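The lines below spell out each chain.
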Amino acid sequence: MNDNEAEVISRCQQGDQDALKEIFDRYHRKVYRVAYGVVRQREDALDIVQEVFIKLFRSIKNFKGKSHFYTYLYRMVMNTAIDHTRKTKRIPSSTIDEDEGFQLSDDAEKRPDRILAHKELEERVKAAMEKLPPDQKAVLIFREVEGLSYQEIAEAMGCSIGTVMSRLHYGRVKMQEMLRDYVKGGKEG
Amino acid sequence: MNHRCSSVSKLLEKYFDQEVTDEEKRLVEGHLPDCPACRETLHSMERVRNLIKSPVEAAIEKESFPWVCQKIEREIRLKERPTVRESLRSWLDRTPLFTRRVLIPAVVALAILIFVAAPLLFKKSTSYPGPSVVEYVESQAYNVMVYELEDSKGTVIWLFEGPEKEISTS
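Heads up: the sequence lines are chains C and Y, in that order.
As numbered in the working numbering, the first sequence has no gaps in its residue numbers, which increase by one up to the final residue, 192.
As numbered in the working numbering, the second sequence has no gaps in its residue numbers, which increase by one up to the final residue, 192.
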């Protein structure tokens, strides 16, 4: 945490909304990536982003600076996103929106059959992620989406590096198993 | 899988995550060209990573966030507007009369005052004031006494024939 960030956090702790906006500008993409990684649905991910920053504004006075601010924020996002998933679990998950999913880079990729294949793949990935225990899912997202180190993940999740490695290993094995058509055959990826 | 492959495969995940030491890195990279199984393991991890990551990157590219920030600020302002109960509590908190230092002695003093004053305030008079004598006339044979009752609701006339006998009329 540099001096500037410490100063912004301090102002935010005193209720300065401009400071919150500075934190938002700096971190909203990270927050969105983690939220989207968990829920894999645009509207829900945006709801989580909103909820996280409101929650942050209310609870930032509890941040004592003993850990990195971004790991504190990552933990908050992950908990909020997993809670959100639990709350919406009873509602049948909607299918992926038309514009969501894998990026279609060229015209050939935008053919209806390719779009359908991408949507199907994203549905499969989403279903596989939903079957993972929350801890394994969280570690996978922190590592694969955000590229955090084992140490950073351990700090964000409040566990040891050994636990991170174990969760990551079992999460990967399960994902490879559930998506073996795509992973082994290289249908996509 | 030979012995060397077995020891390297334990490092593959750490290697993939760039968590190996320089020495471990050299060991893995020296082994990979000769081992299709370890290369395939790495490819599988790479594909899973892409499957998880690509849709997230695609989604964020299409997203515009300024309106989200405005919505957050609006929500915070709305939630900051206090309710009547919160306003009252806030006023009570700010009023010096209700600080603990003042409130506790005040409550104790009030309790003592009530304890002392209550019997005086709520004590009922048990003595009947009785009628007041308006007129008293004595004679040799009879004595007459006229009483006026409370609030002038009636008049009592006692006629005494002697010390033992008396007749009352009203």
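Just so you know, these hints were derived from the structure itself, not from any lab.
Worth double-checking, as some hints may not be accurate.
Keeping only pairs whose Cα atoms sit at most 25 Å apart, straight-line, the calculated DMTMM-like set for lysine to aspartate or glutamate is [unchecked claim]:
| hint | chain 1 | residue 1 | chain 2 | residue 2 |
| --- | --- | --- | --- | --- |
| 1 | Y | K75 | C | E8 |
| 2 | Y | K93 | C | D86 |
| 3 | C | K177 | Y | E45 |
| 4 | Y | K75 | C | D86 |
| 5 | C | K69 | C | D116 |
| 6 | C | K64 | C | E46 |
| 7 | Y | K75 | C | D184 |
The model shown is predicted, which means the values in this text are computed figures rather than measured ones.
These are the hints, each one checked on the structure:
| no. | hint | in the structure |
| --- | --- | --- |
| 1 | K75(Y) x E8(C) | violated (28 Å) |
| 2 | K93(Y) x D86(C) | holds (21 Å) |
| 3 | K177(C) x E45(Y) | violated (30 Å) |
| 4 | K75(Y) x D86(C) | holds (21 Å) |
| 5 | K69(C) x D116(C) | violated (52 Å) |
| 6 | K64(C) x E46(C) | violated (29 Å) |
| 7 | K75(Y) x D184(C) | holds (18 Å) |
The structure fails to meet hints 1, 3, 5, 6 from the earlier list, while all remaining hints are met.
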